[in-house]
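If you're matching positions, the sequence shown starts at 1 in full-length UniProt numbering and goes up one per residue.
Hints were generated in silico from the structure; no laboratory data involved. These numbers were taken from a predicted model, which means no experiment stands behind them. Backbone N, C-alpha and C fix where the C-beta goes; we use that ideal spot for every residue, glycine too. Accuracy of the hints is not assured; some may be wrong.
[To be verified] Quick list of in silico lysine-lysine cross-link-like pairs, DSS-like style, CA-CA up to 27 Å:
1) K567 / K490
2) K501 / K490
3) K173 / K123
4) K363 / K447
[As the list claims (entries may be wrong)] Computed spacing ranges between beta-carbons, pair by pair:
5) H24 / E189: 39 to 47 Å
6) N389 / A49: 50 to 58 Å
7) E547 / M151: 54 to 62 Å
8) Y493 / K112: 55 to 63 Å
9) N222 / G591: 18 to 26 Å
10) E259 / D40: 17 to 25 Å
11) V549 / G507: 20 to 28 Å
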Amino acid sequence: MQRFLHLKHLHQFHARAVVSGLIHDPFVAGNLLESLLRLDPSALAPALALFSHARARSPFMWNTLVHAHLLNGLPTYALSLFAQMLRDPTSPPNRYSFPIALKALALLQSFKDGVSLHSKILKLGFDSDPFVHATLVHFYGSFGHVGEAHMVFDSISDPSVSAWTALLSGFAKLGQLEVAREMFDRMPERNLVSWNAMISGYVQGGRPLLALELFQEMLVLNVRPNSSVMVSVLVAIAELGALTQGRWVHAYLERSEVEWSPNLRTSLVNMYSKCGDVTSASQTFDRIRDRGVDLWNAMITGLGLNGKGKEALELFDTMLSEGLKPDNMTFIGVLCGCSHSGLVNEGMECFEAMSQLHNVPPKVEHYSCMVDLLGRAGLLNEALELIRNMPVEANGRVWGSLFGACRIHGDVELGETAGKLLIELEPGKPGHYVLLANLYALQGRWKDAIDLRDTMKRRGVELEPGCSLTEVDGVVHEFLAGDRTHPRTKEIYDMLDEISKLLRSRGYVPSTRLVLFDISEEEKEGVLFWHSEKLAIAFCLISTGPEEVIRIVKNLRICGDCHSMAKVVSEVYNREIVIRDRSRFHHFRQGSCSCLDYW
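Please build the complete structure, drawing on both the sequences and the hints.
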């Protein structure tokens, strides 16, 4: 049998096979079925017709048809066909049949049915097959049942690479990264899937530095990464804001043979945007010819997060003019851009057009953007009215947007209401308690602030330590509040003293009222000046040239005092400072911030 390359040739052979009677040969029919679905994976109706007219159906034909339905996002239909196969005495399942069914059950989250299928696999003696064995390990691991996955893994003496990878993926998914890495190091051999599983596990587990270290080890061992690995690497770089490493990876991709998948292109644009370099993001975006919706969304969102709302709107209009249909993520990016740039009218028009013109019903994320947009403009009553009339229940993000607006505009009563609702909705998030306590502190309500801190302790809610990352000469440096572990600690604190004296001469006064401790004013100033982003700024001032942009990633919302300090430093030292905090970017230039002091 020939391997068909075009549907035209396939149809010609099909016609001859029908006339000659060859179509009744299971081998011929199976080849036609496989070729049809290979050339046109969505051709399920013709495939079913061909299958139904076959007098004898081989396991290969069953597997091909079941797998085609799975690939087309129809796991229920795939399992229905698999059940018919089990009832066909002339065509029993083989080693390829069960993995397809297990994958379908995993997609449907049908754990009990998977356990039942495991029993059938044991009865039929397929449990020792490497292909089936690896899929069983992956099935249990995907549900977080790593104990069962490990039992299956240990049931044969020589597990395949796929089985090893499936088990370490299960541990990584549960956040047990040390166990996953131990398995990775013990593997007798590894393939690209193994490397990607460990690297992506680090990324998803919030350990981007370890992900990049493992990627570097991979290159040293001369293991060539594929597109999936590079996507994980770019996500790690984006999390760290490590622009220098991001540019190196971009150059590596340009000279390597890694396939430029749509996901990889999108990840590259997203990396530049999250590193605060929207110019490089735009240049990369402009060079890509075949641009899907995900890529447009990444660029629009990147512009919006970096305070370029007008540019985000212009790009959105260009997207529409090119005939692309926007989706939920598109409008989140556009509305976010309007909010961060104070474009109230434009944001409201876009919000109304979502459902009326584009048939995209607003979700809670879109309402959150609108509350933030209205709140930024001081339209607190309108924001509250929008929340009350939402067709979906407001979540913590929505109330958080309103609370932030109340804090900025000084509406203590409404802010207190929103803050308490936030804590009620998400009692385990320490940031909510801190923001409400700060609101009390600004009003001099020290007892309420202290009581709130006591409530945190009773509930076992621990403060998340502030952490700032900055990259210098391709190396990522991490700072915690009051950190004295850096090799250049003395120089950093000397620079902080210099900054403090210079800033005070320019009228800067530390916001000591934000410090919720019963200590002297001088001690409060010390606490403020040891914040992690201030340490990172001082380090960059002594480590980089006067023309270099200072880039910092903060894990929490930047405090008011650090924000004020960064503005003055940008003017006094004539340095551009880009800080990405938990919610947005702050581009400091010549004493002003792109957020217009609203964050």
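A range of 54 to 62 Å was offered for this pair. Does it hold for the Cβ distance of E547 and M151?
Distance hint for E547, M151 holds at roughly 60 Å.
Would the pair K173 and K123 pass a check requiring their Cα atoms to be no farther apart than 27 Å?
Violated - the C-alpha atoms of K123 and K173 are around 30 Å apart, more than 27 Å.
For the pair supplied as a hint, K501 and K490, is the alpha-carbon distance within the 27 Å limit?
holds, 17 Å
Between N222 and G591, is the Cβ distance one that fits in 18 to 26 Å?
Violated: the Cβ-Cβ distance is about 50 Å, outside 18 to 26 Å.
Is it true that the C-beta distance of V549 to G507 lies inside 20 to 28 Å, as the hint says?
holds, 25 Å
For the pair supplied as a hint, K363 and K447, is the alpha-carbon distance within the 27 Å limit?
Given pair K363, K447 is violated - Cα atoms ~39 Å apart, limit 27 Å.
Keeping to a limit of 27 Å between CA atoms, is the pair of K567 and K490 held or broken?
With a Cα-Cα distance of about 24 Å, the restraint between K567 and K490 holds, given a limit of 27 Å.
Is the gap between the beta carbons of N389 and A49 within 50 to 58 Å?
holds, 51 Å
Within 17 to 25 Å or not, the Cβ separation of E259 and D40?
holds, 22 Å
I want to verify a distance hint. Is the separation of the beta carbons of H24 and E189 within 39 to 47 Å?
holds, 44 Å
Given the hint of 55 to 63 Å, is the C-beta distance from Y493 to K112 inside that range or not?
Cβ of Y493 to Cβ of K112: about 60 Å, so the range 55 to 63 Å holds.
Violated hints, in rising order: 3, 4, 9; the structure is consistent with all others.
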